[in-house]
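Q: One letter stands for each residue in the lines below.
Number of protein chains: 2
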Amino acid sequence: MIFIDACLGKKTPYTPVWMMRQAGRYLPEYMKVRSQAGDFLTLCKDSEKACEVTLQPVDILGVDAAILFSDILVVPMEMGMDLRFEKGEGPIFDNPLTNQAQLDALHVEKAAHNLEYVYETIRLIRAQLDQEKALIGFCGAPWTLATYMIEGKGTKTYAQCKKVLYKDPEFMHAILRKVTEALKLYMSRQIEAGVNAVQVFDSWAAALEESAFFEFSWPYMKELSAYLKAKYPQIPVILFPKGISGYLDKIDGEFDVFGVDWSTPIELAKEKLGHKYVLQGNMEPTRLYDKAAIDTGIEHIANVMQNERHIFNLGHGILPDIPVENAKYFIRRVQERTKG
Amino acid sequence: MIFIDACLGKKTPYTPVWMMRQAGRYLPEYMKVRSQAGDFLTLCKDSEKACEVTLQPVDILGVDAAILFSDILVVPMEMGMDLRFEKGEGPIFDNPLTNQAQLDALHVEKAAHNLEYVYETIRLIRAQLDQEKALIGFCGAPWTLATYMIEGKGTKTYAQCKKVLYKDPEFMHAILRKVTEALKLYMSRQIEAGVNAVQVFDSWAAALEESAFFEFSWPYMKELSAYLKAKYPQIPVILFPKGISGYLDKIDGEFDVFGVDWSTPIELAKEKLGHKYVLQGNMEPTRLYDKAAIDTGIEHIANVMQNERHIFNLGHGILPDIPVENAKYFIRRVQERTKG
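Just so you know, the protein sequences line up as chains A and B, in that order. Numbering follows this note's numbering, with no gaps: position 248 of the first sequence is 343. Numbering follows this note's numbering, with no gaps: position 252 of the second sequence is 347.
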């Protein structure tokens, strides 16, 4: 698989490309299945429909890898937290974590067991997906999951998390340890069900200042990736801590691919991390509004990453109002431009 | 004035300190005046009340500088755009900019003239403020103002702005040029009314990738600051483009102080910009939830900036739910710690 070869630093005939959120709302085919399923969580739990939307961008756009359709919050949900999605508000945990007793009541092994519908989705996808295309499994980073578990919903200031972090850092670490244990089991089961690579999304890494990132986020991501690399050395691990361009030189640990978000100049990522890791990214997602902007964006990144170990992607998820035609154009242009 | 001396790179008996949004909702005294005034815009236009809330943090916390109480959006409003603040939604322009005719209808000289209530506020403050304390005037950066003028309200993705930027960059530049001209007049009038320094807030600088920042934001900030420095060389200019740690080494131009946000490590700002500019910042605002976290934060920054040209501040605005006692503690501890 060209995508897996690229993750492992091998030469490939062109730079493989996929897009974060490629199975998503910009695709009419996705919207149709989504409306049949009812709400978002129902779609995540319906293995056949989740398989169907996972495969859509492979067929429609010709991306080099599929990424499992699911949500990072199914893990805390199956650990025992009540999750619902409110229209316009996003995810809500009705009883956010405030004390040790609540944390003690959460399950680790049972969560990994209850996520069987995800493993079933993976088996269905792998049975139908072209043998030359990779399937990427994923999870949220412990820190990012903890922000939802503590805040109960999305937040601008992360006020509750910061209060826990400064006033009761031991409780914060206890949450992060438990989530990390659950993720080790969950990602192992994803791999055993058939994913060919895994990506860990630390979407809210930038909610932490440098010292806090290296205390509360990065060690747990590294622990998870080291665990997986020891157990499954052939499975590439991609880490994506978003928005940390100020301290890339302190990134270390055992993993294969570093996901570069669009706020980090690709030149900077290459300088600081290109010798240690394969880089993935990082076109500014709004460039997909315009074909000329797509061309300029590809040209810039392709020039910088010429002869470097690279996987093409957007620097954040594709937006819901991107024309499908432009998404197709992006994928095709990357594959043409990087040939040879 | 110790604050002005520090802005100009002179030795001071201690590192002066103030806080972004120091006249704000965390102060019961502010909430009282705010509720008397009715809504937020009325308070901005009421020179006596705006003066009163500007002076509150100087009296209550002992900060080394006052910052004019106003809002960055009074400029596009007085240029001719209908502005209202909706509870829970923030600012809204009911007729966002979509075409050249709308832009042509906006006023530059008339805006600067209509903002007389701001100049009156400044005169009232300067008449009552301690002679040793500086008064900081401010405005939004052209790019940040343009985002509101085009989107009509706050946005997560800046979709409309990005479409203009990629599909019609000339229109974007026309908006930015006109706003910059209005700001030159407005900031000149603020200085003539009595402010001792000015700060330009580019709150949404990080909405742009590097190449776009250096095309659509930074040149206009530089143009404004160069204009003001040529006309008023004794007035320090502070520029605060938030969240651009990935390309600090490309920052140049004529100004005095670079405002460092909390996502940028202070060590990095010192390395890249400390030789060229005085640095202001950058304590993580949520540290003010906890006194021990305040101490650790101050210690770290004070150690890095020992013997450097520095003004203490938070790395973003103070949050509405910070205990006043902790805000006082922060100010006092900075002044004590940096003495000598």
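None of these hints come from the bench; they were simulated from the model. Since this is a predicted model, take the numbers as computed values, not measurements. Where hints are given, some of them may not hold.
Each pair may be met inside one copy or between any two copies, as identical chains are not told apart.
Stated by the list, open to error - With a straight-line Cα cutoff of 27 Å, these simulated DSSO-like cross-link-like pairs (lysine-lysine) come out:
hint: 1; residue 1: K434; residue 2: K140
hint: 2; residue 1: K345; residue 2: K365
hint: 3; residue 1: K258; residue 2: K386
hint: 4; residue 1: K248; residue 2: K324
hint: 5; residue 1: K371; residue 2: K386
Q: Would you mind marking each hint as holding or not holding in the structure?
A: Here's how the hints hold up against the structure:
1. K434 / K140: neither (39 Å within a copy, 61 Å between copies)
2. K345 / K365: Both ways: K345 and K365 sit 14 Å apart in one copy and 17 Å across, limit 27 Å.
3. K258 / K386: Between copies, since 11 Å is at most 27 Å while 45 Å is not.
4. K248 / K324: neither (32 Å within a copy, 46 Å between copies)
5. K371 / K386: Neither: 33 Å inside a chain and 39 Å across chains, both beyond 27 Å.
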